[in-house]
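Read off the chains here:
2 protein chains.
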Amino acid sequence: MKRFDIENYIAQLSMDCVIFGYEEKTLKVLISKFKFGEESWVLPGGYIRKTESINGAAIRVLKERTGLENIYLEQFRVFGDDHRIVGHPFNAVMMDELPKFDAERFDPEVTAWMTGRFVCIGFYALVDIQKVSPKNGEFDERLEWRSIDDIPTMVYDHNEILRNGLESLRQNLDEKLIGFNLLPETFTMKEVQELYEAVYAKAFTASNFQKKILDLDVLERLEKKFTGAQNKAPYLYRFKNSIQVNF
Amino acid sequence: MKRFDIENYIAQLSMDCVIFGYEEKTLKVLISKFKFGEESWVLPGGYIRKTESINGAAIRVLKERTGLENIYLEQFRVFGDDHRIVGHPFNAVMMDELPKFDAERFDPEVTAWMTGRFVCIGFYALVDIQKVSPKNGEFDERLEWRSIDDIPTMVYDHNEILRNGLESLRQNLDEKLIGFNLLPETFTMKEVQELYEAVYAKAFTASNFQKKILDLDVLERLEKKFTGAQNKAPYLYRFKNSIQVNF
Chain Y
1 MKRFDIENYI AQLSMDCVIF GYEEKTLKVL ISKFKFGEES WVLPGGYIRK
51 TESINGAAIR VLKERTGLEN IYLEQFRVFG DDHRIVGHPF NAVMMDELPK
101 FDAERFDPEV TAWMTGRFVC IGFYALVDIQ KVSPKNGEFD ERLEWRSIDD
151 IPTMVYDHNE ILRNGLESLR QNLDEKLIGF NLLPETFTMK EVQELYEAVY
201 AKAFTASNFQ KKILDLDVLE RLEKKFTGAQ NKAPYLYRFK NSIQVNF
Chain H
1 MKRFDIENYI AQLSMDCVIF GYEEKTLKVL ISKFKFGEES WVLPGGYIRK
51 TESINGAAIR VLKERTGLEN IYLEQFRVFG DDHRIVGHPF NAVMMDELPK
101 FDAERFDPEV TAWMTGRFVC IGFYALVDIQ KVSPKNGEFD ERLEWRSIDD
151 IPTMVYDHNE ILRNGLESLR QNLDEKLIGF NLLPETFTMK EVQELYEAVY
201 AKAFTASNFQ KKILDLDVLE RLEKKFTGAQ NKAPYLYRFK NSIQVNF
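First to last, the sequence lines map onto chains Y and H. Residue 34 in UniProt numbering is what sits at position 34 of the first sequence, and the numbering runs on without skipping anything. Residue 136 in UniProt numbering is what sits at position 136 of the second sequence, and the numbering runs on without skipping anything.
If you're looking for bench data, these hints aren't it; they were derived computationally from the structure. Keep in mind that a hint or two might mislead.
When chains are identical, the list treats them as one kind, so a pair holds in a single copy or across two.
[Stated by the list, open to error] Calculated cross-link-like contacts (lysine-lysine; reagent style DSBU-like; alpha-carbon spacing at most 35 Å): (1) K212 <-> K225; (2) K176 <-> K212; (3) K176 <-> K202.
If we strip away everything but chain Y, and leave its shape as in the complex, we get (with noise of 0.2 Å):
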């Protein structure tokens, strides 16, 4: 393979995506297990191009591991410590792999190039878990939906990073509406309170859930949903306004 074009890349910026799915009650991130070093974790990221916008940058990347476009995409913060990368032991490891995994696309100046400082920033994106087909970057050994409850030290600050998405998250869900986009295009009411749950991590009422939700008018409600209990059906309701992009 050619070598990698350093030169089509802004230096020393990165960004890094927290990915946010929901499926069985559960709120699921996709993560990355890299092919360098042992147990080794990151977020799925990339570098931004000189000719795209970061923001275009952000969904391209995310388009390249989850197959999307339209995803639901938002910034929510700069992480800019000086010695975040430099000086980490995994750092060590990636200038030892990286040569080795193929000497000729990561030479020693591309392989200095990647393993230098970098100021990365932080976006989130929330997907519909169904309609993903994670595809492997070239460092993803695999991708993996795992639970917020069940995340593995990552490398770097990584770790640092979701929890300050998922802080960002909770905090724009009532305020934007955005947990529509975790959910399949109808749902029922209890499968709206389910999401809001495993986002916050607590339980609600389901009479005062339902009340504030209806309330807020962006809600159309649909045909019962088909159960075979004709009595008990309930309702499904689809998301009025289009996906929202901060952007």
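Model the placement of chain H on the given structure of chain Y, informed by the hints.
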């Protein structure tokens, strides 16, 4: 003067700061009349040294311009459009005037570096305006405190950066109780209310406002303010916590 050391800074990454102050019942922002171009206004900003964190860079730039340390400071968004600088009319002005200003310090390589694409991290700061002695940076003709109702058209996307900073301030004022950083050490309840009214650009009812603020249990009541009129003297308050810095 010696050549500007581009080697010491991260390329293509900058920071700009919305410095908020408050006086005469008015929320103000410290902006700079630039030395280059005509009627060219900018937010104070700077570059990030390879050996300092992004927060360290913001603290350094703020100290250079205001003389203050221990400022409440928060990053609020990254501005990363690929066309935010390159192609903007002011960029041509910079390319033309920088070398004329000091050909030795800003040689062709430095001029090209400074007028290329930059991704910009937006910070906002809250300062006690009485304590600030604005000090020009190398490119500032003068710094001015301007009311948020009287902000001129600034270069590049600096008006957008300011609008986003103000929006973040409004969101955080209640949630994180950061407004007290804009007041002197002791203040009356009326002064707190006037501050909130200036930030939100709307009026509050005095009794409701006082109850809401006191219920937060973050203020310490001190002696009455001496006004000469014994009966009407208002109480002075002090914020219980010290300055909060978000990193």
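We went through each hint and held it up to the structure:
no., hint, verdict
1, K212 <-> K225, "within (22 Å within a copy, 44 Å between copies)"
2, K176 <-> K212, "both (14 Å within a copy, 24 Å between copies)"
3, K176 <-> K202, "both (20 Å within a copy, 23 Å between copies)"
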